[in-house]
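**Student:** Start from the sequences, fold in the hints, and give me the full structure.
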Amino acid sequence: MRVLVCVKRVPLTGGKIVLTQDAQAIETRHLGFTISPHEECGVEEAVRMVESAGGESVVLTLGPPEAAEQLRDAMALGADRAIHLVSDGEEWDPQATAGAIVDAIRADETANGPFDLVLFGNESADAGNYQVGIRVAYALSRPVATGLKGVSVERAMIRCEQEAAGGRDVYKLPLPAVLGVLEGLNLPRYPSVPAKLRAQRKPIESSSPTRPDPELEKVRLVVPEGQGKEALVLGQGPEAAPAVVAILQQIGVA
Amino acid sequence: MSVLVVVAGTPGEIEDVSLQALSLARRLAAGGPVHALTVGGGDGLADTLGEHGVSTLHVAEHEAFGTYAPAAVARATVEVVREVGPATVVAAGNERGNEVLAHVAAMTGAPFAANCVAAEPDDPMPVTRVRWGGSLLEEARLHGSPKLLTVQPHAVEAQSAPAGGAVAIEKFTPDLNEADLAVRVVERVAATTGGVSLAEARVVVSAGRGAGSPEGFAIIEELADLLGGAVGCSRAVTMAGWRPHTDQVGQTGTKIAPEIYIACGISGATQHMAGCKGAKALLAINTDADAPILASADYAVIGDLHEVVPAISAELRKARGG
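First to last, the sequence lines map onto chains H and R.
For the first sequence, position 2 matches number 5 in the numbering used here, and the numbering has no gaps at all.
For the second sequence, position 109 matches number 900 in the numbering used here, and the numbering has no gaps at all.
One or more hints might be untrue.
Below are the DSSO-like pairs computed for lysine-lysine, each with C-alpha atoms no more than 30 Å apart in a straight line [said to hold, decoys possible]:
id : chain 1 : residue 1 : chain 2 : residue 2
1  : R       : 962       : H       : 221
2  : H       : 232       : R       : 962
3  : R       : 962       : H       : 152
4  : H       : 152       : R       : 1068
5  : R       : 1068      : H       : 19
6  : R       : 1046      : R       : 1071
7  : H       : 19        : H       : 232
8  : R       : 1068      : H       : 221
9  : H       : 152       : H       : 199
10 : R       : 1046      : R       : 1068
11 : H       : 175       : H       : 152
Bear in mind the hints are in silico, worked out from the structure with no lab data behind them.
**Tutor:** Below, the structure written as structure tokens:
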């Protein structure tokens, strides 16, 4: 089977978010980057599906030239090849992002045949727009399920599980389909050194789509004010235990 | 300007998050009519919706609404949008609200702003929405028509309308096509878990990589048990395979709201803090007095969790005379 996974490069924000002077982005000069967490599980799932059923797993990103690093990371996890939609470094709104991904999927399917599954993270860690995968599914006239923590291929169907109050809701979709997955779907493998070396030799196909005007237009980012808390230090080391228990009793949980 | 609120929860019930969405919707209507849509019943909600400012309740009826089908709810929404012509469509920013409005966005080609904490009735519409699970805010302008947005849960207070009154009920049967019904809940698997659920626990005791190993969680489990609480952990711990993902507190894990959250050896990365904003009190146990988590903590103990946590358990037993 052929599986496409769409991923996004996001900064590892650490303990405190600092913005650039113009408040258009997070100051990332001192930060590392990663694949957005839900999508990392998407990559792992695609690789496992192809390991068990044969076929090809492809990873796609829309992002700056540096996002090639995340495509290499995905290929180190086992993806076979990559498609890089190279952006100008500006953020693309969700409609524009979906449009560029749809064009890329159509082009790849014309050359290499249809994808049985297109996987997205349910929402990106940074922008959290909750819609790119669904827009892509409608443009391609494919069924879509989101919020998934379990997927398994059953012949020409895919069984999907979503956490719900008191249990799990089950969906069964015909293939080809589009899925939005969540972290917890699986535990992504830790790539071996040989896998990282192999990933350096795998192909990345690049193109540079043009960014349309945004319909959801970012004006600026704002770091929310802290709660202005100053923690009451109950003590140092184990000697603080009686003070902790007093607090627990005061709250009514001890 | 008229506004449509989509109430997409369990048929016949209205969650507080939908009432919060309704409060923001009233502001966006700026005195114009507020319409609401429910699927698979909802007549019984008319009084409550009226008290919150709804003038017309559209009740979509179809045998397909027996189980949740996101595209079917979206199709019913699009039908009401065509009939009423609202300037804005609003829903709660929970999983289902976001999913349904994303389907509406894809069906209509309209832009959609998810998880807004504020919005003003203007065109383009100024909105403030959450990023990074609430660690960052984005001010944006929403163009297009209709404008679709969801309201971040617990960001807007649910308030009843000063002039709440009678609600006109309009029932209709949406024209659902095969594709609208292709994706629907076909089965509910009951949870098999025992013990206290992390999301609902009154006390959560968590540890990060500082626990040292999967076995290092024994002292965390002991304290959680003594307090009748649940065990949590950081993302680093689940990625290492020490604990299942269901124990993870964070932006991509479980959002918790206990009476007290005891975070042991957790530095306070934004990913983690996005999951514990709902805690009423936070006690941080950390060797580093400058750890970022202390800026969000109510109480702190500076020390090694391996020494402090067993001491608290022992003190609890002593206090109970055991």
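**Student:** Hint by hint, say whether it matches the structure.
**Tutor:** Consistency of the hints with the structure:
1. R:962 / H:221: 39 Å, violated
2. H:232 / R:962: With a Cα-Cα distance of about 51 Å, the restraint between residue 232 of chain H and residue 962 of chain R is violated, given a limit of 30 Å.
3. R:962 / H:152: 36 Å, violated
4. H:152 / R:1068: Holds - the C-alpha atoms of residue 1068 of chain R and residue 152 of chain H are around 23 Å apart, at most 30 Å.
5. R:1068 / H:19: With Cα atoms ~15 Å apart, residue 1068 of chain R and residue 19 of chain H stay inside 30 Å; holds.
6. R:1046 / R:1071: With a Cα-Cα distance of about 13 Å, the restraint between residue 1046 of chain R and residue 1071 of chain R holds, given a limit of 30 Å.
7. H:19 / H:232: Since the Cα atoms of residue 19 of chain H and residue 232 of chain H sit roughly 15 Å apart, the hinted pair holds (cutoff 30 Å).
8. R:1068 / H:221: Roughly 25 Å separates the two Cα atoms, so the pair holds.
9. H:152 / H:199: 27 Å, holds
10. R:1046 / R:1068: 8 Å, holds
11. H:175 / H:152: 14 Å, holds
Checked against the numbered hints above, the structure breaks hints 1, 2, 3 and satisfies the rest.
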